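Protein chains in written order, with this note's numbering: chain L, 83 to 243; chain Y, 17 to 351.
Hints were generated in silico from the structure; no laboratory data involved.
Just so you know, not all the hints are guaranteed correct.
Below are the DSSO-like pairs computed for lysine-lysine, each with C-alpha atoms no more than 30 Å apart in a straight line [as the list claims (entries may be wrong)]: (1) K197(Y) to K128(L); (2) K158(Y) to K171(Y); (3) K171(Y) to K227(L); (4) K227(L) to K128(L).
Here are some chain L residues the structure puts well away from chain Y; computed CB gaps all over 10 Å [what the hints assert, rightly or not]: (5) E100; (6) P104; (7) E105; (8) A116; (9) D130; (10) G132; (11) T135; (12) P142; (13) E152; (14) H171; (15) S195; (16) G224.
In this text, all values refer to a predicted model and were calculated from it rather than measured experimentally.
Virtual Cβ for every residue (Gly too), placed ideally from N, Cα, C.
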Amino acid sequence: MSPGSRIVRFRVNGDPVEVGVPEHHTLVEALRYALGLTGTKQGCDKGDCGACTVLVDGRPTLSCILPVHEAEDRDVITVEGLARGVEPHPLQDEFDRHGAAQCGFCTPGILCSAAALLDESPAPTREEIREALSGNLCRCTGYTKIFVAVEAAAARLRSAP
Amino acid sequence: MLRLPRYEYHRPRRLDDALQLLDRHGDEARVVAGGTDLIPNMKHRLFEPGHLVALSAVEELQGIRWDDGVLDVGAAVTLDALSRNPEVRRHASALADAARHVAGPQIRNRATLGGNVCLDTRCTYYNQTEFWRTALGFCLKKDGDTCHVTRVGRKCVAAHSADTPPVLMVLDAEVELRSSKGSRAVPVREWFVADGIHNTRLEAGEILTRIRIPIHPATRCSYRKLRQRQAVDFPLLTVAVGADFASDGRVSEIRGVVTGLGSRPRWLTGWDDLVDGSLDDDVVDALAQRAGAQCRPLENMIVDPEWRRAMVPVEVGRALRTLRSAGPAGASLEA
Ligand SMILES: Cc1cc2nc3c(=O)[nH]c(=O)nc-3n(C[C@H](O)[C@H](O)[C@H](O)COP(=O)(O)OP(=O)(O)OC[C@H]3O[C@@H](n4cnc5c(N)ncnc54)[C@H](O)[C@@H]3O)c2cc1C
Ligand code: SF4
Ligand code: FES
Ligand code: FES
Numbered sequence: 083m084s085p086g087s088r089i090v091r092f093r094v095n096g097d098p099v100e101v102g103v104p105e106h107h108t109l110v111e112a113l114r115y116a117l118g119l120t121g122t123k124q125g126c127d128k129g130d131c132g133a134c135t136v137l138v139d140g141r142p143t144l145s146c147i148l149p150v151h152e153a154e155d156r157d158v159i160t161v162e163g164l165a166r167g168v169e170p171h172p173l174q175d176e177f178d179r180h181g182a183a184q185c186g187f188c189t190p191g192i193l194c195s196a197a198a199l200l201d202e203s204p205a206p207t208r209e210e211i212r213e214a215l216s217g218n219l220c221r222c223t224g225y226t227k228i229f230v231a232v233e234a235a236a237a238r239l240r241s242a243p
Numbered sequence: 017m018l019r020l021p022r023y024e025y026h027r028p029r030r031l032d033d034a035l036q037l038l039d040r041h042g043d044e045a046r047v048v049a050g051g052t053d054l055i056p057n058m059k060h061r062l063f064e065p066g067h068l069v070a071l072s073a074v075e076e077l078q079g080i081r082w083d084d085g086v087l088d089v090g091a092a093v094t095l096d097a098l099s100r101n102p103e104v105r106r107h108a109s110a111l112a113d114a115a116r117h118v119a120g121p122q123i124r125n126r127a128t129l130g131g132n133v134c135l136d137t138r139c140t141y142y143n144q145t146e147f148w149r150t151a152l153g154f155c156l157k158k159d160g161d162t163c164h165v166t167r168v169g170r171k172c173v174a175a176h177s178a179d180t181p182p183v184l185m186v187l188d189a190e191v192e193l194r195s196s197k198g199s200r201a202v203p204v205r206e207w208f209v210a211d212g213i214h215n216t217r218l219e220a221g222e223i224l225t226r227i228r229i230p231i232h233p234a235t236r237c238s239y240r241k242l243r244q245r246q247a248v249d250f251p252l253l254t255v256a257v258g259a260d261f262a263s264d265g266r267v268s269e270i271r272g273v274v275t276g277l278g279s280r281p282r283w284l285t286g287w288d289d290l291v292d293g294s295l296d297d298d299v300v301d302a303l304a305q306r307a308g309a310q311c312r313p314l315e316n317m318i319v320d321p322e323w324r325r326a327m328v329p330v331e332v333g334r335a336l337r338t339l340r341s342a343g344p345a346g347a348s349l350e351a
């Protein structure tokens, strides 16, 4: 271990991991550069856009401004962990069906925010969806298709959880 | 990609250990709570502490207690937890409201009330990358010797931009501070300073531990926020107003705070002689006009200061009208 580095232990998508990272790295840097999980996007890298959103103990969190030490002993879920085996998460499926991803840069973060919402509230109103996604910017879609896709995924999860 | 400067990260479990770390590392150390203000600022090279002392594992800074007419909130309680807490919503819903309007959901999951009360001031010329700031030769607040806002002034006028302090001031809350030498309490009304260098009365080696809010059943409070988008954005203007309502509906002790303009929240003055028991439309208009006359937004934000200036009486008026229709006990639910 080089000086200024440290070993951090946490769980990513259910698996325990142990990574040696520079002391001053953020969670997104550990995910992308130490663990090769490039699904999580590094956008503004300073808390403005939501592209780096992951779930930490189930709560949407901006990984670009989270010192990696704050993930110690926690459960981190990234977009790679949403699918159930080979089956995509219903949100992923409905995003595909409804064209809710265009360039796709915002999509991993939005999927994570939406997944946390559906865990907490199986039948969210449009207003609740807007609120839950209000920290995730999308420059392409205009949001409507995203809202529709989240509603469709919620309906599917209610009928076959 | 915005790299952080190098630092050593400490995550003590006890307040005493945190205070010891601050003493040991002196100027080199900085407290980090949610990090939602400090980490972006460090990425911008506005701060380069060699040691970060994290508060996230310190149990003593957690918890919301309702204790005989006082809401006692740990400094490290997140804004999300604060805004959802049933006691806070019942007894100080304007505070829940203000917390709910900070940034976006992901940030509120980390951001703390203590961090909000200690937030650094903000300015178009300051909250930028080091590269951006180099182009203008920096500014007074950091690394330079001129202020690009006032041009001639020798004093930084970056804007106090935190959402919860105006409500805390109207409700007459106090902050509790601890250092290795002891503890003290400061009313939030006296917490902020604007000497061009410091923004608060926080002293070296101190940690803000709790925020205590006395609740009087006769008091109502409401909160308004002006911003460009309805999420994520810092306030361009934040208003909190409060008053005591007697059982016969008579109004007294009307008070208000506006922030987002200068380097500290502004306690509105000259209101007492305008209120004689009622808060009807004429009174509201007079109060709002008098508030507007005291506020002079500067070009410390990207938006037109004239617009912000024109919005002061509008938002103060809206806040006062909300107060009128608020429920009988505690604060109003929706600003
Ligand atoms: C995109 C974006 C939008 C935002 N929008 C808003 C907004 O609309 N309104 C708003 O008010 N804020 C906003 N913020 C700023 C910030 O998220 C909040 O103010 C938050 O409450 C800060 O709390 P924190 O715990 O993250 O503070 P930190 O970043 O951890 O700390 C902030 C400062 O306070 C000091 N500090 C923190 N806790 C203590 C303590 N207990 N004792 C002593 N010193 C302490 C730190 O040393 C640091 O100087 C925004 C931030 C971002 C990135
Ligand atoms: S008000 Fe002036 S000195 Fe202060 S941050 Fe802005 S430009 Fe710099
Ligand atoms: S990359 Fe984290 S918020 Fe933009
Ligand atoms: S799909 Fe391009 S930013 Fe959202």
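Here's how the hints hold up against the structure:
1. K197(Y) to K128(L): 36 Å, violated
2. K158(Y) to K171(Y): Within the cut-off at roughly 12 Å; holds.
3. K171(Y) to K227(L): 49 Å, violated
4. K227(L) to K128(L): With Cα atoms ~27 Å apart, K227(L) and K128(L) stay inside 30 Å; holds.
5. E100: About 17 Å separates E100(L) from the closest Cβ of chain Y, which puts it past 10 Å; holds.
6. P104: 8 Å, violated
7. E105: 6 Å, violated
8. A116: 15 Å, holds
9. D130: Check fails; 7 Å does not lie beyond 10 Å.
10. G132: 6 Å, violated
11. T135: Its Cβ does come within 10 Å of chain Y, the nearest being 6 Å, so this is violated.
12. P142: The assertion about P142(L) is violated, with a minimum of 5 Å to chain Y.
13. E152: 6 Å, violated
14. H171: 19 Å, holds
15. S195: Violated: least Cβ distance 7 Å, not greater than 10 Å.
16. G224: G224(L) is indeed farther than 10 Å from all Cβ atoms of chain Y, at 14 Å.
Going down the numbered hints, you'll see the structure goes against 1, 3, 6, 7, 9, 10, 11, 12, 13 and 15, while the others check out.
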